[in-house]
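Build the full structure now, drawing on both the sequences and the hints.
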Amino acid sequence: MEANTRSLGLISVAEDLRRATAGFDPALLSGGDAARVVEVTAATEKACALVRARCAARVEECGAHRRDGFTRASDWMAAKTGVDPGRARREIEAAKAAEEMPATKAALDKGEVSLDEAAEITSAPDAEEELLDLAKHHDHRRLKDRARRRRLEAGGDDLGSRRKAARFLRTWIDDLGMRRGSFSLLPEMGKTFERRLRAEMERMWKSGSREGTSEQRAHDAFVSMLEGKGRPGRRPDFVAVYDVRAHSTHIPGVGPLDDEATRAAARDAIVWAVLHDGQKVSDIIRFGDYIPRPLEVLLEIGDPPHFEGVRCADCGATFAFERDHVNPRANGGPTTNENLEPRCPPCHRAKTERDREAGLLGKNPPRRRPGGGRSRPKRASAARGVRTSRAGP
294 MEANTRSLGL
304 ISVAEDLRRA
314 TAGFDPALLS
324 GGDAARVVEV
334 TAATEKACAL
344 VRARCAARVE
354 ECGAHRRDGF
364 TRASDWMAAK
374 TGVDPGRARR
384 EIEAAKAAEE
394 MPATKAALDK
404 GEVSLDEAAE
414 ITSAPDAEEE
424 LLDLAKHHDH
434 RRLKDRARRR
444 RLEAGGDDLG
454 SRRKAARFLR
464 TWIDDLGMRR
474 GSFSLLPEMG
484 KTFERRLRAE
494 MERMWKSGSR
504 EGTSEQRAHD
514 AFVSMLEGKG
524 RPGRRPDFVA
534 VYDVRAHSTH
544 IPGVGPLDDE
554 ATRAAARDAI
564 VWAVLHDGQK
574 VSDIIRFGDY
584 IPRPLEVLLE
594 IGDPPHFEGV
604 RCADCGATFA
614 FERDHVNPRA
624 NGGPTTNENL
634 EPRCPPCHRA
644 KTERDREAGL
654 LGKNPPRRRP
664 GGGRSRPKRA
674 SAARGVRTSR
684 AGP
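For reference, each letter of the sequence shown is one residue, going 294 to 686 in this note's numbering.
These are computed hints drawn from the structure, not numbers from a lab. Hints are not guaranteed to be accurate.
[Stated by the list, open to error] Derived EDC-like pairs (lysine to aspartate or glutamate); straight-line CA-CA distance at most 16 Å: (1) Lys573 to Glu631; (2) Lys522 to Glu495; (3) Lys389 to Glu354; (4) Lys373 to Glu392; (5) Lys437 to Asp426; (6) Lys457 to Glu481; (7) Lys389 to Asp402; (8) Lys429 to Glu393; (9) Lys398 to Glu386; (10) Lys403 to Glu338; (11) Lys339 to Glu446; (12) Lys437 to Glu423; (13) Lys437 to Asp451; (14) Lys437 to Glu422; (15) Lys429 to Glu386; (16) Lys499 to Asp513; (17) Lys339 to Asp402; (18) Lys398 to Asp426; (19) Lys429 to Glu405; (20) Lys373 to Asp402; (21) Lys644 to Glu634; (22) Lys403 to Glu332.
Next comes the structure, spelled out in structure tokens:
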């Protein structure tokens, strides 16, 4: 009886909320009031999503979705809510899995995490405490990356065979006659492809091909690669990190590499030794023909101890090409590992404006290229920078 009364009360409150939002005009609010509405409705939305997912799990348990002609409860929920069936399935599974993880369940009940965040946490139950802390204090991107890494670390000895079984490439023609496709590449192949594509995009950008969005420019670069156009540049490196203590290998920003793939990649490899104490890199050495690119490689593999790859220091984007001096060169900042951070173009421009407002750029503004981006330091100077920072701790 009590449960039925609470259910009816919840339905009544939900209907009142829906009526209150009908015809709502945010233009009547001040900026502060609008911000408060966003905060309150976000918390309410989390609570409603949790109730919805738990009730959908109950519908699945009772088989009530079949009354409406649906085989799967996730399809029934998708039809009722207007969301993608895959998302509906993830929400139901996250709600069910959280019932077995008390700390995550409590965080959901308090509105401290969303169902999306709970889905990431429950996907790696052995790392619940770490992931729950990330969900509460950091953005979703960082949580998702860490959860993926934890899942891969727990992948087991058959990770390589499961990856091979999951590889695919599909193409089809859409309503506009455009050739579409999707693929799942092995990590070592995917990283090489990404680096080649980025190199071609950068070459085309420097040659003046700057029209369209980044996705459209990626399309043009891919077509250029297929047609063999453009001047062949330096062969993109395939970078993997081998931990001599743990005898494990991973691709920065991607995840663990199985033993067979590691041996295959190492056959023709040029080896770099990155010496660090778990927090600070003290030296980087190349075994093989000397090429003055140590600092560039160091920036590409990321920070110790995980070496998770390049991401924008401000927004976390992984598609960043520009290296920014924390203390600007105009203010005497050195070109060293400690004073360089990767930033995507928008964040780089915002950082430059902050430096200018703080008076760190001197009397003359920094030299800019015709397209608006700042000119980059020459590679030779980057190499000199790492030599000045080899002393380490």
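Here is how each hint holds up against the structure:
1. Lys573 to Glu631: holds, 9 Å
2. Lys522 to Glu495: holds, 14 Å
3. Lys389 to Glu354: holds, 11 Å
4. Lys373 to Glu392: Distance of about 24 Å is beyond 16 Å: violated.
5. Lys437 to Asp426: Measuring from Cα to Cα gives roughly 13 Å; hence the hint holds.
6. Lys457 to Glu481: holds, 12 Å
7. Lys389 to Asp402: Within the cut-off at roughly 13 Å; holds.
8. Lys429 to Glu393: With Cα atoms ~20 Å apart, Lys429 and Glu393 exceed 16 Å; violated.
9. Lys398 to Glu386: Cα-Cα ~13 Å, so holds.
10. Lys403 to Glu338: Judged against 16 Å, a Cα distance of about 13 Å means the pair holds.
11. Lys339 to Glu446: With a Cα-Cα distance of about 30 Å, the restraint between Lys339 and Glu446 is violated, given a limit of 16 Å.
12. Lys437 to Glu423: Holds: Lys437 and Glu423 sit about 12 Å apart, inside 16 Å.
13. Lys437 to Asp451: Violated, because 23 Å separates the two Cα atoms, which is more than 16 Å.
14. Lys437 to Glu422: holds, 15 Å
15. Lys429 to Glu386: Roughly 21 Å between the alpha carbons, so the hint for Lys429 and Glu386 is violated.
16. Lys499 to Asp513: holds, 14 Å
17. Lys339 to Asp402: holds, 9 Å
18. Lys398 to Asp426: holds, 14 Å
19. Lys429 to Glu405: holds, 6 Å
20. Lys373 to Asp402: violated, 23 Å
21. Lys644 to Glu634: holds, 11 Å
22. Lys403 to Glu332: The given pair, whose Cα atoms are some 14 Å apart, holds under the 16 Å limit.
Going through the hint list in order, the structure does not satisfy hints 4, 8, 11, 13, 15, 20.
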